[in-house]
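A.B. asks: Line order of the protein sequences matches chains A and B.
Okay, so the first sequence: first residue is 0 according to numbering that gives the first Met the number 0, each after it adds one.
Okay, so the second sequence: first residue is 0 according to numbering that gives the first Met the number 0, each after it adds one.
You may find that some hints are simply not true.
[To be verified] Below, in silico cross-link-like pairs of lysine-lysine (BS3-like), each with a Cα-Cα straight-line distance of 30 Å or less: (1) A:K133 <-> A:K25; (2) B:K145 <-> B:K130; (3) A:K25 <-> B:K130; (4) B:K139 <-> B:K18; (5) B:K75 <-> A:K25; (6) A:K25 <-> A:K87; (7) B:K18 <-> B:K75; (8) B:K18 <-> B:K130; (9) B:K75 <-> B:K145; (10) A:K166 <-> B:K145; (11) A:K25 <-> B:K139.
[What the hints assert, rightly or not] Which chain A residues stay away from chain B? Per the calculated CB distances, all over 12 Å, these: (12) D8; (13) R31; (14) V36; (15) G159; (16) G160.
By construction, these hints were calculated from the structure, which means they are not laboratory data.
Ideal Cβ positions, reconstructed from N, Cα and C, are used throughout, including at glycine.
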Amino acid sequence: MTDQDEQDDHRSRQFPVREDMVFQHKVWRFERVGWYVLVLLVVLTLLGLFSRGPLSDRELYSSDGSLGVEYQAFHRNGSANTLTLRLKGQPNAVLEVELGGDWLEGFEVQALQPPPMRSAGAGQGMTLWVQADKQGEASLYLSLLGEGFGTYHSRITTPGGAMVSFKQFIFP
Amino acid sequence: MDSVLRAAALYAALMVLFKIAGRRSLAEITTFDFVLLMIIGEATQQALLGDDFSMTNALMVIVTLIAIDVGFSLLKLRSQWVSRLIDGGPTIIVEDGRILRGRMRHARLIEADIMEAARSSQGIETLEQIKFAIIERNGKISVIAKEPS
């Protein structure tokens, strides 16, 4: 396209309709930039910005390795995700773990497997007792339904001094 | 409270999304566009109502949507600027039988689209017979034929 054509395209006609080509070019630029933003959002969603993906899958272990947690950093309001706790202790012992922090205000625990032997309240959170196997290992699977909006903190501790703390964000 | 917020947030989000999609995209409805539109409706429905299936919630969502819509049309009457922002303006893409290529490209149209509109509305056969082709604010292409000399 020559320069003259380009100028002609930008000139606003008054007949048969009143045009505003400066504004129209802004609209077209908005459409183009908007399309890039949409593609970016699709890519970020595939990567897990809105839960379930490399950006959202997290794994944490306490410094002594006796306590581990797999969780999603990002949740969506109304959708359920799993949180897995891995405990290590003496063979066949009953292991105690405290789930503290304000996370119970933002999540509803839909399922807890296997069922703990005993449970009790502990401040804002709860304490669970689970039976370890012959290797001294126990796993707890929690299905969490996001109900709140914003950031919620979790602090998981064992009497042995192992501790992991993390944040989870719930999208509306 | 959240039924109003939900409806307002989705109204705003859909408005921006359809502005990005541009005026042509859903104006000429093909069967596929129709199916796409229904799927968009399905996806929106859950977010609009949440897990509250009460009549109050449904009515409040509808009331909010209509209130916003009427509000905007009242605002459009008062302000030229708002009106242009929401509805956009018409754009000429054919002038005296000559296609304005740059504009056509920006509007994501091809010559076949213009000729299709020309045939169906005016029975025009060639480009030279077109005096003006204009993309209207609603995305339709209107064609004005040259007067026979």
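A.B. asks: Look at each hint and say if it fits the structure.
C.D. replies: Each hint tested on the structure:
{"no.": "1", "hint": "A:K133 <-> A:K25", "in the structure": "violated (69 Å)"}
{"no.": "2", "hint": "B:K145 <-> B:K130", "in the structure": "holds (5 Å)"}
{"no.": "3", "hint": "A:K25 <-> B:K130", "in the structure": "holds (26 Å)"}
{"no.": "4", "hint": "B:K139 <-> B:K18", "in the structure": "holds (15 Å)"}
{"no.": "5", "hint": "B:K75 <-> A:K25", "in the structure": "holds (20 Å)"}
{"no.": "6", "hint": "A:K25 <-> A:K87", "in the structure": "violated (61 Å)"}
{"no.": "7", "hint": "B:K18 <-> B:K75", "in the structure": "holds (17 Å)"}
{"no.": "8", "hint": "B:K18 <-> B:K130", "in the structure": "holds (29 Å)"}
{"no.": "9", "hint": "B:K75 <-> B:K145", "in the structure": "violated (34 Å)"}
{"no.": "10", "hint": "A:K166 <-> B:K145", "in the structure": "violated (68 Å)"}
{"no.": "11", "hint": "A:K25 <-> B:K139", "in the structure": "holds (20 Å)"}
{"no.": "12", "hint": "D8", "in the structure": "violated (4 Å)"}
{"no.": "13", "hint": "R31", "in the structure": "violated (8 Å)"}
{"no.": "14", "hint": "V36", "in the structure": "violated (8 Å)"}
{"no.": "15", "hint": "G159", "in the structure": "holds (41 Å)"}
{"no.": "16", "hint": "G160", "in the structure": "holds (41 Å)"}
Going down the numbered hints, you'll see the structure goes against 1, 6, 9, 10, 12, 13, 14, while the others check out.
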